[in-house]
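J.: Given next are the chains, with one letter for each unit.
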Amino acid sequence: MERVKTLFKKIFPNAKMSDSNKDRLASWSLILPYTLVFLAFIIVPIIMAFVLSFTYYDAINAPEFAGLQNYIYMITGDEEFLKYIIPNTLKFALIVGPGGFALSFIMAWMLAQIQATPRKYLSLLLYAPSMVGAILVTILWKSLFSGSESGYINAFLLNNDFIEAPIQFLQSPEYLLNIMVVVSLWSSMGIGFLAMLAGILNVNPELYEAGQIDGIKNRIQEIFYITIPSMKPQMLFGAVMAIVGAFNMGEIGVLLSGTNPTPQYSGSLIVNHIADYGFLRYEMGYASALSVVLFLIVFAFSRFGHILFGSDN
Amino acid sequence: MALQGTKINPRRFHKSQLKFYLILIPIAAVMLLPIIYIFSQALKPLDELMLFPPRFFVQKPSFRNLQLLVITASETGIPLTVYLFNSILVSSVTIFTNLSLTMLAGYALSKKKFKGRNTIFSINQAALMFVPIAVTIPTFLVIVNINILDTYWAHILPLLAMPVGVFLIKQFIDQLPDEIIEAARIDGANDLHIIRKIVLPLTKPALATVAILTFQSTWSNLITSAFYINTDVLKTFAFYMSTLTSTVEASVAGQGLAAAAGLIMFIPNLLIFVVMQNNVMDTMSHSGLK
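As given, the protein sequences belong to chains A and B, one line each in that order. Residue numbers for the first sequence follow this note's numbering, so the first one is 548 and each next one is one higher. Residue numbers for the second sequence follow this note's numbering, so the first one is 433 and each next one is one higher.
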């Protein structure tokens, strides 16, 4: 054995080579477990969605190549898609994404300017709705918006003579989407909100003093010239979380109304449409094509976030 | 000067802060109202639930709804404790495994130099915008193919792919000075040793944050029980609660039951966050996306 080692050293006098190999091996073995689950449950599903979107697949027989059929059907055959699903999804995402983001920033900005102890409790109150979870959100708002006279909001409106008969809020197309927006905004101040609050608190105070000397006249100027530029990374994190949060709330319409599709598709978003085709009609190929479109929409939204708050280089 | 008096992170109270309180307190109160309502609803006895017009606050609080919840569950053949056990088991295993995986990956991405490091980190960063709900079907196919359909693994493994966890831990480790790690390496410590003895104690706030986020996603996860688990005794508490609320919602008594169920889901989340709030804020100050 010893001989082999000396021989090895003679041939490779530079032993550092094997050290760096060892180190590379160590690095990869540290990151390997996470990489495996990441590949299995994020990368592979995304690739599969993409591949399946070009097939006809009913979950029983093997997928059959169908070319662009699914995408063509989406535009020409699926009556609901362009008429309800896309407008609903865009309206919902445009209000809840940027709306939730703006709300989070404004709240964080105000919280940063009060003392630490009240700030802690008030930020807890604002954050609490985001950790309520889909089940309680549903129970809670269903009960508040219940269509019978015992629904709290209906009873309130009846008592004050705003209405004469109880409104079926969650079953009527004119209210459902708006209620979904309200509920989602209510629970929109999550982890992105906390990140932005931490970001504002970390801005170097000397920058504000320097800004005043340089002629910043009011708080609005201060926000746009000092606060936001100094916390761009947190703004971007907040923006991405707001967008993802909005799309993850996509099921709320189905949960509130209790049906998929929602009444007259009024609260149906692309997420629900995917579930409708995938799990109710077993058209997995078409459902996958819808998933691809959803990814593109999410991607476009967060691209926009990167344009606004990404690092300049 | 006009801007004096109001400043970021003030030490003392100043009357210029009053305007912020005047806006923040009412908004916080409005945000809180629905939560108070559900608490009060869960504690209402039947006659108060039936009351018309409905009253916001409970007057004679009772735990009847909670008792009823336990009874209803045992009538279906599977006691509530089975679902609760599943949820606790799945949550704790997921949290522990997730912390281990993200810790190892975060350390490697932050302190080790190897080819592909930046690529992996940027891919992970792009995956922050991943919406799991969009790929329930392909995920189902993956679960079938690796043979974990209808097992506890189906609950745990998909939730381990949590880009935001690795991201937060890596950002947090970034601020630890390289010198202490180099010093330990010269003393002969290997990576696992360095992680256990040096990095882990200093990364506690970030680990606490990731633990909370993992708990939030596991504890209230409905997708797994609904799509990837067929056997009832393997389903979780959250799923049972959601079936309960959809079957009993029509009746007034059911509303109290549902409220009690929802509360049980919410309270652990709230308690854990309150205990760890300072850790979370500490972590979030390193959360910037570049």
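Honestly, I wouldn't trust all of these hints.
Stated by the list, open to error - Quick list of in silico lysine-lysine cross-link-like pairs, DSSO-like style, CA-CA up to 27 Å: (1) A:K667 x B:K636; (2) A:K764 x A:K779; (3) B:K545 x A:K667; (4) B:K545 x B:K629; (5) A:K667 x A:K569; (6) B:K439 x B:K547; (7) B:K636 x A:K764; (8) B:K636 x B:K544; (9) B:K545 x B:K722; (10) B:K545 x A:K569; (11) A:K667 x B:K439; (12) A:K764 x B:K545; (13) B:K722 x A:K779; (14) A:K569 x B:K629.
What the hints assert, rightly or not - A partial selection of chain B residues facing chain A, derived with a Cβ cut-off under 8 Å: (15) Y453; (16) I455; (17) L464; (18) I468; (19) S524; (20) T551; (21) I552; (22) A559; (23) K629; (24) P633; (25) D664; (26) V665; (27) L666; (28) A670.
What the hints contain is simulated information worked out from the structure, not anything from laboratory work. Virtual Cβ for every residue (Gly too), placed ideally from N, Cα, C.
J.: When the structure is checked against the list of hints, which entries are broken? Sort them ascending.
T.: Those not satisfied are hints 3, 5, 6, 7, 12, 18, 19, 20, 23, 24, 25, 26, 27.
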